[in-house]
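Undergrad: Here is what each chain is made of, one letter per residue.
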Amino acid sequence: MRRLYLHLPRFPVQCTVRDLPELRHAPLVLAEESRGQQRVAFASSAALKAGIRPGMGVTAARAVLPALEVRRFDSDATARGLHALGEALLVLGPAFEALPPDGLFLDASAAPLCRGPGTPEENLGERVLGLCAEWGLLGQGVVASQAFTARALARHRPVRVQCVAPDGGAAALGPLPLQVLEEAAAHRAVAGLSALGLSTLGEVASLPTASVVARLGAEGLRAQGLCRGEDPTPLHPAQPEETVEERVELETPAEQLEPLLFALKSALDRCAARLQGRGLAAVRLLLTLRLGNGAQHPVPLQLARPSAQARPWLDLFRHLLAALQLPHPVAGLAVRVAEAQAAVHPQGELGEGPRGDAPLESVLARLATALGEEALLSASPQPRHRPEAAVSPARFQPPRQPRGMISELLPAASRTSSSSAPPAAVHREETGAPLPPGWSGFEQGLGTPLPAPGWLEGLPVAEESAPEQRALSAQGERPARLLPTPLLLEVVLGGAGLPALLRVAGRMRRVLALFGPERLSGEWWEPDPLERDYYRGQLEGLGLVWLYRDGRDGRFYLHGLFD
Amino acid sequence: MEAAVQQTSNGVVERLREQIRRMQAAPRSALGRVATGLAVLDAVLPDGGFWLGQSVELQGEAATGRSSLALRVVAAATRARRLCAWVDGPRELYPPSAQGLGVALEQLLIVRPRAPGQLAWAAVQLLRSGAFAVVVLDLTHTGVRLSPVEARRLQEAAGQGGALLLTLSSKDCPADGALRLELEPWGEDGVRVEVVRSRRGGAGAAVALSWDVLCAAKVRCGPPLPSLPAVVPAPPLRAVPPGLDVSPREPPGLREGRPGRDVRLPKLAAVLGGGDPA
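Listed in order, the protein sequences are those of chains U and W. Count along the first sequence from 1, then add 26; that gives the number in the numbering used here. Count along the second sequence from 1, then add 9; that gives the number in the numbering used here.
In short, the hints are calculated from the structure, not lab data. Cβ coordinates follow ideal geometry from the N, Cα and C atoms, glycine included. Hints may contain errors.
[Said to hold, decoys possible] Facing chain U, according to a computed beta carbon distance under 10 Å, are these residues of chain W, among others:
(1) L80
(2) R121
(3) A124
(4) A131
(5) S207
All chains should be built: construct the whole structure from the sequences, respecting the hints.
TA: What follows is the structure in structure tokens.
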């Protein structure tokens, strides 16, 4: 089985520097308690150059370098960080095995899918290191068929990416020093081989097997097998954690937004990478701020569209945090993906912008977060005669239009959406005006306009529509504004029992012209049946309004404005 | 023979690559202007329509045709496969009317904030995103009066996102748009539209529109309209001082020319030598 070992030198130090960039060039050690004494577990390059070595006491290290920065080594956090990186690498391989504190194996069977200038396995190695660089980590990768070969070469050969042929393990391992075997827990064998004057793995590999067994027993035989590139150790795939969560502890409690956002970006990047590794996209995120007094402040984020991109998340959190007032500075934070679903990756097209739908998703999520989901809607026409029920709110999901250069080649009919096309060839029998799809109720005469009422004395009356007007859409006869609640009108009736004066907007207005009626009735089975005669009235100094007389109480109501 | 075929195909591939590179690097024709579709009105607008990246104010009372005019612009944008947004302060927009004017409803986002103070903020976000070609900010009946800072922020966001902002305002609560059209009832038959403010000239021009034309429907099922002057003669424009450049300028939102999103792509068929399929 081909596998890639990713070695991340001094991984805990790299993580610390990544989260606290002010320590990037400072001498830094991570200390752990051993036998009641603080000892150096990991040291940065600057500290190593000053002569500080792992295992040294912190007191002695400070004596060597008084300006030494000392941080606590958290082995659990290191293991979590390595596991998170492994999850992110699942976009490049089907399985991984974390080996704390500074390396992991990745199943390299997906290498043929990696395209690039080199061989597939070299391309895989470059992709892995590129992803590590996005995480702010430096490393080396070796692809081999044996676990020991890959790990030993990655740790002891300063090569960025190396691929070892299935039968080339022994030759590749040959120059390595004998101490490499100690990492394979063959301490007694190493001591015995050193006593024989051997110094490299190649020399061990060339020994007769019988003599090695005679001198060092089974452990010697195993050690020689490793040196010959024979290692039957299988890959133990790690199980992804049930929830994706990242935590960051701030060096000093943050009182300003910027340091908080910096830490948050790091956590969000890792969450997004882990989600991408699992093929998921977040629907809901929960940011928990740990305050200086120990209290916790949750900041939930509901995304309008599932996303596995950290940048829009950060924009949204920035907006939420900017409006937040906390009683104490923030000492740490945790980001948890509270809800996720399978990610959908739309296919890009030639000539399409590099960001695709990202601006739309970002602004929708921002608005949904600030205004609430219910504030964003799209209108869905309903086959109802009651005007206020003729449309219902729907989730705004614009169709994915053909984009890029190919859209120019498509015929116009396929570019336009269904609802923007002219209304279907359904005609109202009385007027011949086309009706929109789903309004077939008019065909059944439920919304039959009354005959031209010649009894509207003194007012212009409706006449048969001109042929050229018949092509006009029936929806256009509806007002652009519909009042949420019909407004009861104070009316002075004329001689025909129709309004001559209406009180609108605080004053009585003369009705200059009245057109109609259009009778809408039905829903007799409902508690509030529909029985209305609608008129379009031109009011003095106001414009065209839409009013109706309710057949149940005989009163006039203002329902809309032809704005 | 095989080598010759291989060489020829390599040459074709290389030429195609070069052609694609040129097409992607070429300046793209911009969808820079949206016409209302009313020829008589477009004729008096400074640029024959509304430039994207501009802030336009439609001022008038609640039943003077502002919404219908805005919906016509939205319909034009949706026909060009662009998304539009309507920040509905009074919560009165009636989508069937929009559909009647040709608006593709699935491309129209309606935003109804709870608090009036969120109207301008929502419009700024929509404009700045660059995802929407036209954003309508309806302040009618909301009592919101935009401060100069908010108006400037809206204008900047429109320029930044390359979107057209249409603000529906009243005389009591003006919105300080760069271009202001005032609408008022015109007798019994229609509305009068006057360009009262324009930084690109044309202020003072006015037209009268009948309701049937404005609403694209037979809202007046009555006798033919009485005599209404189709166009009110606009006052003569002042003479342009010599040396002053009055040519239309590029709208700020499209200077960057982001491919594939807010600018129209070159016609691939034309580049490849074919006819225009549309």
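Undergrad: Compare the structure with each hint and give your call.
TA: Structure-based check of all given hints:
1. L80: Holds, because the Cβ-Cβ distance from W/L80 to chain U comes to roughly 6 Å (cut-off 10 Å).
2. R121: Check passed: Cβ of W/R121 comes within 5 Å of chain U, closer than 10 Å.
3. A124: Holds, about 9 Å.
4. A131: The hint holds - W/A131 has a Cβ within 10 Å of chain U, the shortest such distance being about 6 Å.
5. S207: violated, 23 Å
The structure shown violates just one earlier hint, number 5.
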